[in-house]
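There are 2 protein chains.
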Amino acid sequence: MARQKILVAQGGGPTAVINQSLVGVIQEARRFAGIDVVYGARHGVRGIINEDLVDLSQETSVSLEAVAATPSSALGSTRDKPDRKYCQEIFRVLKAHDISQFYYIGGNDSSDAVRIVSEEAASVGYPLRAMHIPKTIDNDLVGNDHTPGFPSAARFVTQAFMGVNLDNAALTGVYCAVVMGRHAGFLTAASALAKVFPDDGPHLIYVPERTFVIESFLSDVKACFEKHGRCIIAASEGIHDDKGEAIITRLASTVERDAHGNVQLSGTGALADLLCEEVKSKLGIKRVRGDTFGYLQRSFAGCVSDVDQREAREVGEKAVQYAMRAGRDGSVAIKRVGDYAVRYELVALDSVAAKTRVMEDGLIAASGNHVTPAFHNYLRPLLGSGLPQAARLRMEPVAKVLK
Amino acid sequence: MARQKILVAQGGGPTAVINQSLVGVIQEARRFAGIDVVYGARHGVRGIINEDLVDLSQETSVSLEAVAATPSSALGSTRDKPDRKYCQEIFRVLKAHDISQFYYIGGNDSSDAVRIVSEEAASVGYPLRAMHIPKTIDNDLVGNDHTPGFPSAARFVTQAFMGVNLDNAALTGVYCAVVMGRHAGFLTAASALAKVFPDDGPHLIYVPERTFVIESFLSDVKACFEKHGRCIIAASEGIHDDKGEAIITRLASTVERDAHGNVQLSGTGALADLLCEEVKSKLGIKRVRGDTFGYLQRSFAGCVSDVDQREAREVGEKAVQYAMRAGRDGSVAIKRVGDYAVRYELVALDSVAAKTRVMEDGLIAASGNHVTPAFHNYLRPLLGSGLPQAARLRMEPVAKVLK
Numbered sequence: 001m002a003r004q005k006i007l008v009a010q011g012g013g014p015t016a017v018i019n020q021s022l023v024g025v026i027q028e029a030r031r032f033a034g035i036d037v038v039y040g041a042r043h044g045v046r047g048i049i050n051e052d053l054v055d056l057s058q059e060t061s062v063s064l065e066a067v068a069a070t071p072s073s074a075l076g077s078t079r080d081k082p083d084r085k086y087c088q089e090i091f092r093v094l095k096a097h098d099i100s101q102f103y104y105i106g107g108n109d110s111s112d113a114v115r116i117v118s119e120e121a122a123s124v125g126y127p128l129r130a131m132h133i134p135k136t137i138d139n140d141l142v143g144n145d146h147t148p149g150f151p152s153a154a155r156f157v158t159q160a161f162m163g164v165n166l167d168n169a170a171l172t173g174v175y176c177a178v179v180m181g182r183h184a185g186f187l188t189a190a191s192a193l194a195k196v197f198p199d200d201g202p203h204l205i206y207v208p209e210r211t212f213v214i215e216s217f218l219s220d221v222k223a224c225f226e227k228h229g230r231c232i233i234a235a236s237e238g239i240h241d242d243k244g245e246a247i248i249t250r251l252a253s254t255v256e257r258d259a260h261g262n263v264q265l266s267g268t269g270a271l272a273d274l275l276c277e278e279v280k281s282k283l284g285i286k287r288v289r290g291d292t293f294g295y296l297q298r299s300f301a302g303c304v305s306d307v308d309q310r311e312a313r314e315v316g317e318k319a320v321q322y323a324m325r326a327g328r329d330g331s332v333a334i335k336r337v338g339d340y341a342v343r344y345e346l347v348a349l350d351s352v353a354a355k356t357r358v359m360e361d362g363l364i365a366a367s368g369n370h371v372t373p374a375f376h377n378y379l380r381p382l383l384g385s386g387l388p389q390a391a392r393l394r395m396e397p398v399a400k401v402l403k
Numbered sequence: 001m002a003r004q005k006i007l008v009a010q011g012g013g014p015t016a017v018i019n020q021s022l023v024g025v026i027q028e029a030r031r032f033a034g035i036d037v038v039y040g041a042r043h044g045v046r047g048i049i050n051e052d053l054v055d056l057s058q059e060t061s062v063s064l065e066a067v068a069a070t071p072s073s074a075l076g077s078t079r080d081k082p083d084r085k086y087c088q089e090i091f092r093v094l095k096a097h098d099i100s101q102f103y104y105i106g107g108n109d110s111s112d113a114v115r116i117v118s119e120e121a122a123s124v125g126y127p128l129r130a131m132h133i134p135k136t137i138d139n140d141l142v143g144n145d146h147t148p149g150f151p152s153a154a155r156f157v158t159q160a161f162m163g164v165n166l167d168n169a170a171l172t173g174v175y176c177a178v179v180m181g182r183h184a185g186f187l188t189a190a191s192a193l194a195k196v197f198p199d200d201g202p203h204l205i206y207v208p209e210r211t212f213v214i215e216s217f218l219s220d221v222k223a224c225f226e227k228h229g230r231c232i233i234a235a236s237e238g239i240h241d242d243k244g245e246a247i248i249t250r251l252a253s254t255v256e257r258d259a260h261g262n263v264q265l266s267g268t269g270a271l272a273d274l275l276c277e278e279v280k281s282k283l284g285i286k287r288v289r290g291d292t293f294g295y296l297q298r299s300f301a302g303c304v305s306d307v308d309q310r311e312a313r314e315v316g317e318k319a320v321q322y323a324m325r326a327g328r329d330g331s332v333a334i335k336r337v338g339d340y341a342v343r344y345e346l347v348a349l350d351s352v353a354a355k356t357r358v359m360e361d362g363l364i365a366a367s368g369n370h371v372t373p374a375f376h377n378y379l380r381p382l383l384g385s386g387l388p389q390a391a392r393l394r395m396e397p398v399a400k401v402l403k
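Those sequence lines, one after another, are chains A and B. Oh and the first sequence: position 189 is 189 in my numbering, straight run, nothing missing. Oh and the second sequence: position 254 is 254 in my numbering, straight run, nothing missing.
Among the hints, a few may not be true.
[To be verified] Ranges between beta-carbon positions, derived for each pair:
no., chain 1, residue 1, chain 2, residue 2, range
1, B, P397, A, P127, 21 to 27 Å
2, B, E215, A, R394, 55 to 61 Å
3, A, R392, B, K85, 42 to 48 Å
4, B, K85, A, V196, 46 to 52 Å
5, B, R394, A, V196, 42 to 48 Å
6, B, T211, A, T60, 19 to 25 Å
7, A, K286, B, T211, 47 to 53 Å
8, B, D339, A, D145, 45 to 51 Å
9, A, A341, B, S281, 49 to 55 Å
10, A, T60, B, S219, 40 to 46 Å
11, B, K85, A, P397, 44 to 50 Å
12, B, Q389, A, K286, 52 to 58 Å
13, A, P198, B, P397, 30 to 36 Å
14, B, F197, A, A2, 33 to 39 Å
For the record, the hints were derived by calculation from the structure and aren't laboratory data. Backbone N, C-alpha and C define an ideal beta-carbon position, used for all residues, glycine too.
In isolation and in its complexed conformation, chain A is listed as follows (with noise of 0.2 Å):
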């Protein structure tokens, strides 16, 4: 057999640990005598029809390890989506270079660009294996346990709900936080876990898997303020009214739609200033903050679950080994085995793409407004070691001598 030359991309939206299984791709294929060299497209699959297109084999392995260790995409990524003709000039450019596998790394659009391209290559007898590598911070892709760069993502959302739970202790209000997420809450009911006293934030979540119905918002953050003397809520960008329409669009005087129609919901802090102004205006509650998280939340520099590092690499080898060995196309899945561990298994490519998974019901309080403890087994693990530990005073009162 001729020794073959594979090329691998990422897509989507970049997280703290889709380096990682780029290198586990690039170290993992390296072992194997079949391959020859490694090309990496810059900017996924634009980088493909670009013809731009950088050779991995050159890179040392002291670099490929530092680069692992650095979040985004290293080579670029995209949020173009095949179609058949993109995919004639994808197989075009794929002859010129004698690329025989083809590996990309992202998310539900990604998985479907995948599927895309495998079918294409089949119709047309194209000699090609075409595989899925899992990313994204949404934790929506079905038939996985969870995704890279979910964990480190939620590390960042929890760590970040401990430091706003102490800041508003200190200086306490309302104070109301914006969390990435469409469909999936996932990454918003991450903030529960960074409660460790039974008065500690966030008292209230808000997921797009429920109905976010604005007036029993206002009752819930007035009983929890009357209660607590303060209040914290956590809100995914993507809460909607019972119509499905976006709570955002609501305040936005001209919102931005993406070309599948979607309104444009990060990089704005419109929803959290909206929710504050609520707030502030209805309930009477004269120190109300708003925070969105923002790009920080999904590429922050240092903040990284050493569980999703390692997984990263993993799904990124486990994809080379089923290329070389499986004799089909296919998405790599992460599946839970145990308390905690988890083994792979590639998966079919429809079974996967451009599906959404969402928040199980069992995860998701009955009042709509907070997490289930299953949430917080399900998730504990994948935050890694060493996560911060807040600690109280333990406030022995002096009593009082006047009055």
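Given the coordinates of chain A, assemble chain B onto it according to the supplied hints.
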């Protein structure tokens, strides 16, 4: 000499290391045979007048060390600034509890509170040792090389910009982040330390020490975008026009003001959204994203400079030593004496109180939209050990076969 009772409190905005100073006071005080017990006031001077005191001598050293490593103000904080009447209430409570020393950990406003308490005590013949312990993420206390809390917040900003620079390199566009700082741009300027390669962001840094001209901003962004195909901007929340009016007031329909008439700058994403809207509408750039670092930058659990931790502990310890031995009230100041080493000094309260240090001219680039190498040299040792290192692929290009 009778054994003394002392009182410690925390004022103003929390930081990641303000509890180190608190624990420094408690632990050092208990080493002095002349000190009997250490009380804490909850929520700063307000806790004194409310007689809301706790006995910190009953805390264990294990618990205190855990609290020292926890962000935010463990005793709670306040924005109250005592006047003469407020001081009389303070003395009434201190007298009732036989308190002879008062330690207040805080920034500008807190040092001014200590000055007022100190002067009022002297004028009414109340025997009190009043000590100010520095703390502020704004780094705006005069007479200090830097202030505890700033290095950790600066580290957060540096790590955040490392990440967003990499994120923006993967999915290109314009990115603008708003950083805390009403009058002093130190924290915003810390973004510069995220740069590794010459084309890394932040490409533009706007601090309140320079007048913000929207037309210059737009031409700066345009030039950067044309050169790099992307642009990363760091802007202080306090940027203002040539009349001193905050840029944020141009947008917000209603602005919140504090008791001193200051516009509320934090806890809203409005300024970042305004700047993004300008870039979108005036320059026609499509992908423009804005973030506001908000409360994360001062309270995020797990992002701290070890240098900052040590110094915050030391200013607490030194305050007790000065109180017991120097025979006068004052503020503990940090002086840099080596590269890198510091010593501490007890300076007069009125040399610090209610004054605001801003960035020295030599730290700001002549262009007014970036920092100088002198600023890099100033900040680098403060960020502490173990800062993440961003790495790139070497990207050896594959020769094009087609076209």
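Hints, one by one, checked against the model:
no., hint, in the structure
1, B:P397 / A:P127: 21 to 27 Å, "26 Å, holds"
2, B:E215 / A:R394: 55 to 61 Å, "57 Å, holds"
3, A:R392 / B:K85: 42 to 48 Å, "33 Å, violated"
4, B:K85 / A:V196: 46 to 52 Å, "39 Å, violated"
5, B:R394 / A:V196: 42 to 48 Å, "45 Å, holds"
6, B:T211 / A:T60: 19 to 25 Å, "48 Å, violated"
7, A:K286 / B:T211: 47 to 53 Å, "32 Å, violated"
8, B:D339 / A:D145: 45 to 51 Å, "50 Å, holds"
9, A:A341 / B:S281: 49 to 55 Å, "52 Å, holds"
10, A:T60 / B:S219: 40 to 46 Å, "41 Å, holds"
11, B:K85 / A:P397: 44 to 50 Å, "26 Å, violated"
12, B:Q389 / A:K286: 52 to 58 Å, "44 Å, violated"
13, A:P198 / B:P397: 30 to 36 Å, "58 Å, violated"
14, B:F197 / A:A2: 33 to 39 Å, "38 Å, holds"
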